[in-house]
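Peer 1: Each chain, written out:
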Amino acid sequence: MVLGLFNYWAVIFLMMIGLYTLIARDNLIKKILGLNIFQTSVFILYITMGKVSEGTAPIFVKGVEDVVYSNPIPHVLILTAIVVGVATTSLGLSLVIRIKEAYGTIEEDEIEDGRP
Amino acid sequence: MTHHLPVLLVVVPLVAAPIAALVNRPRISWAVAVVATLWTLYAALGLLSETMAVGAIHYELGGWVAPYGIEYVVDPVNAWVMVIVALIGALVTPYARRSVEHEISEDRIPLFYAAFILCLTGLLGIAITGDVFNVFVFLEISSLSAYALIALGNDRRALMASFRYLIMGSVGATFIVIGIGLMYVMTGTLNMADLANRLPEVASSRTIPVAFTFLTVGITLKLALFPLHAWLPNAYAYAPSAVTAFIASTATKVAVYLLLRFFFTVFGAAFSFDIMQLDLILIPLALIGIVTMSLVAIYQKNVKRLLAYSSIAQIGYMVLGISLASVLGLTAGILHLFNHALMKGALFMSMGCVMYRVGSVRLERMSGLGRSMPWTMAAFVVGGLSLIGVPLTVGFISKWYLVQAALEQGMWPVACVVLIGSLLALMYIWKVVEVAYFRECDPELGISEAPFSLLAPTWVLVLCNLYFGINASGGVDIATRAAEVLLGVLS
Amino acid sequence: MDDRVILRVGAKVLIPFILLFALYVQFHGDYGPGGGFQAGVIFAAGFVLYALIYGLENVKQVLPPKVAYTCAASGVLLYAGVGYLTMVLGGDFLDYGVLAHNPEHGQHYGILLVELGVLITVFGVMVGVFYAFAGRGRLDS
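Protein chains in written order, with our numbering: chain A, 967 to 1082; chain B, 1313 to 1803; chain C, 483 to 623.
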C-alpha cells in the first residue's frame, strides 16, 4: 500500500511542509515560499493522477493503432494553475517589496508591533 | 447578437481592461471603464429577463459540445448574481472618478481601472460558467485583481492587509483546486451538469466526501464565514473607498453563489445535507458569526472596519438561510445577496464621501457631520436602518423571510439569534449616528457636502434600498424561482 | 572587466540561441511539450540574462519598459481579437474551425494565433515584473 500510493505520500508530505511554513514562519518571503510549495504539491497530485499505467505521452502518433495514451487534461489544468501560481507569487513579492519600503522590515511580528 | 450574449458579457470587459491599461490617461481609462460596466449591466439584465422567460441558456465555447468543452450556463440563480455584480459595477465606476483621483496617485489611475474591470470580469465569469475548473480560473482573476486594488490604498496598512488576503485567498483557491481534482479523478469530467449526473454513483467512495470538504473549506474562506474571516476587516478598512464599495458588495456574494452551485447543483441537496450533515456545521458557525462579529463591530473606532465586521455578520445571515435548505430558506439567502449588496454599497459609498471631504473615517473625526454633510449622513442612516431591518427598507424583507424559514423548520433559537443580530446592528449604527448628529462639528474645518458625482450613485443605491423594500415582489419572485431551480423542484 | 570577459562572451553566444529555442518551443507546442507560456518565459529569460550581464540601463535601451507593458496588454487583445473574429465569421466564441476553408486548417491557424498572443503577453509580463523589481532601492550601480 505504501509503495503503490507513493505519489500520494509525496503530495501529502509537500502539502504539510508548505502549510506549516506558511503558517508558522513570520518572514513574509518564507510565507510566499510556503504557499508555492503547497501549490506545487497540488500540481503533483493532478499530474500523477493523469498517468495511465502503460500509457505513453499524450501526443497523437499517426498510423499506429491501439496506443494507450496518458490523460492530457490534467497537464492542461496544471499549466493554467502554474501560471496562476506565478502571478500570485509575483504579486506577493511586489507587495513584500513595498512593505519593506513602508515599514523597514519584513518580519510579520515586527510589523504588527508597530515599528515605525 | 443575443445568441452570443453570455460570452459577450464576460469578453467585453476582458478586452476593455488592457485597453484601459494601454490608453494611460486617467480620464479616458475611466471612460472605458464606464462603457464596459454599462455594457455588462445591459447584458446581465438581458440575460436575466431571457432566462426567467425561457429557462436555462447554454452557450458552448469554441463550438465544442458540452462535456468535452467549456460551456456557459445561465439560469435564474446566476443571472441574479450577475445583475447584482453588474449593477454595483455600473454604479461604482462613475463614483470612482473623483474618489480615486483623491486617493490614488495619478500615474496609477489607468492601472486602477484596468484592475477594476478585470475584477468585474472575474466575478462575472465565476457566475456564468458551467465548468468547475473555469470557476477556479475566473476566481483567481478576480482575486488577484482584488489584491492589487486593495494594495492601492493610501495607508501603509493596506499593503499588509492585501498581503494577508493574498496568502489566505490563495490557500482557499488551492483547496478548491484540490477538491476539483479529487472530483475529476472519480468522475472524469469537469462540467457541472455532467458531474451532477456522475457523482451519485461514486459518492460512496472515500474520495468524494474529502473533495466536498476541501471545496467547502476553500469556498468558506473566500466567503469570510466566521472562523475564516481574518482577512476581511483590514482589507475592507484600508482599501480605497471605491474599491471597498465594489468588493464588499460583490466578491463575497459571488462566493455565496459558488457555495449554492456546488452544494445544490453539483453535489445535490440530498448528499450535502442528509449524508454530509452540512447544516450541523454551517448553522452554528453562522449563528456564532452573527453574534460575535456584531459585538466586535460595536467596539470599532474606524467606521469602515465597523462596517466590515458587520459584513461578516451579514454573511452569517446568508449562510444561515442557505443551510436551512428549504425553498423559503434559500429564497431568504438569495434575496439577502441582493439586499446586502444594496445596503453595504450605500454604506461604503457614503463613507467614501466622508473620506473625500474629511480625509479620515475614524469616528472621532466625524463629529457633527449630520449638519455639515446632510445628504451623506442621511444615506448612511437609511443604509443603517436597512442593516437593522426596519420595515420599508430592503433589509426587513430578507430578515422576514429568514425568520419565516427558521420558524417553518421549528428552529426557535435561530429566529431569536436573527433578532438579536438586529439589536446589535442597532447598537453599532447608533454609535455612528450619535457622533454625527448629536455632537458639535468644528466650523474651522470647513467641511462641505460631498460633490454631486459622489452623492448621485450613493443615493441611487439608497433609493433602491427603499424601493425594493416597499415593492419587493420582483426580487422575491426571482429569488423564489432561483431557490426552486436549485432544489430541483422546477427542473 | 577582466573576470567578466567569460560571462560577457558566453552571454553573447548563448542569448540568440535562447531566443531561438523559445521560438522552437512556441511552434512545437502541438507536437511536444511547449506552447505559449513556456515560450514566453524562455524568451523573457534571454532578456533577463542580458540584463544581469550587461546592466539594467542597457537592456532598457534594447527593450524600453513602455514596450514591455504594451506587449503585456496587446497579447490579451490579440487572443480576444481571434475570439471576436470567429464570432464575426459566424461561429461561437473561439470556434477556430470557421477561420479557414476547412476546419482542420482553421484549428491550426487559430491555435497559432492564440499561442502568439499568449507568447507576447507572457513575455511582456515577465520582463515587466523584472523591471519593476530590479530597479528599486539600489544605491550603487
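Read the hints as simulated data drawn from the structure, not as lab findings. These numbers were taken from a predicted model, which means no experiment stands behind them. Any given hint could be a false lead.
[What the hints assert, rightly or not] As a list, the in silico DMTMM-like pairs of lysine to aspartate or glutamate whose alpha-carbon atoms are at most 20 angstroms apart:
#, chain 1, residue 1, chain 2, residue 2
1, A, Lys1028, C, Glu586
2, A, Lys1066, B, Asp1467
3, B, Lys1613, A, Glu1078
4, C, Lys548, B, Glu1418
5, A, Lys1028, C, Asp512
6, C, Lys548, B, Glu1513
7, A, Lys996, A, Glu1073
[To be verified] Chain C regions said to be covered by chain B (calculated; three or more residues, Cβ under 8 angstroms):
#, segment
8, 506 to 519
9, 555 to 561
[Claimed, not checked] Derived Cβ-Cβ restraints for the label pairs, each shown as a range:
#, chain 1, residue 1, chain 2, residue 2, range
10, B, Leu1731, A, Leu1045, 46 to 56 angstroms
11, A, Leu1045, B, Val1702, 32 to 42 angstroms
12, A, Ala1023, B, Val1522, 27 to 37 angstroms
13, B, Glu1413, C, Tyr506, 24 to 34 angstroms
Note that beta-carbon positions come from the ideal geometry of N, C-alpha and C, so glycine has one too.
Peer 1: Against this structure, judge whether each hint is valid.
Peer 2: Here is how each hint holds up against the structure:
1. Distance restraint check for Lys1028 (chain A) and Glu586 (chain C): the Cα-Cα separation of roughly 15 angstroms lies within the 20 angstroms cut-off, and the hinted pair is therefore satisfied.
2. In summary, the hint linking Lys1066 (chain A) to Asp1467 (chain B) is supported, as the alpha carbons are separated by about 14 angstroms, within the 20 angstroms threshold.
3. With a C-alpha separation of about 18 angstroms, the suggested pairing of Lys1613 (chain B) with Glu1078 (chain A) holds against the 20 angstroms cut-off.
4. In summary, the hint linking Lys548 (chain C) to Glu1418 (chain B) is supported, as the alpha carbons are separated by about 17 angstroms, within the 20 angstroms threshold.
5. The suggested pairing of Lys1028 (chain A) with Asp512 (chain C) holds, with an alpha-carbon distance near 14 angstroms, which does not exceed 20 angstroms.
6. A C-alpha spacing of about 55 angstroms is found between Lys548 (chain C) and Glu1513 (chain B), which places the hinted pair above 20 angstroms, so the restraint is violated.
7. Of the supplied pair hints, the one linking Lys996 (chain A) and Glu1073 (chain A) holds, its CA atoms being roughly 10 angstroms apart against a limit of 20 angstroms.
8. Proximity of the segment 506 to 519 of chain C to chain B, defined as three or more residues with a beta carbon under 8 angstroms from a beta carbon of that chain, is not established by the 0 residues found.
9. With a cut-off of 8 angstroms between beta carbons, the segment 555 to 561 of chain C has 4 residues touching chain B; three or more are needed, and the interface restraint holds.
10. Distance hint for Leu1731 (chain B) and Leu1045 (chain A): a CB-CB separation of about 51 angstroms, consistent with the stated range 46 to 56 angstroms.
11. For the pair Leu1045 (chain A) and Val1702 (chain B), the beta carbons lie near 52 angstroms from each other, so the given range of 32 to 42 angstroms is not met.
12. Here the CB-CB span from Ala1023 (chain A) to Val1522 (chain B) is close to 30 angstroms, well matched to the stated 27 to 37 angstroms.
13. Separation of Glu1413 (chain B) from Tyr506 (chain C) is about 48 angstroms and departs from the stated range, judged on CB atoms against 24 to 34 angstroms.
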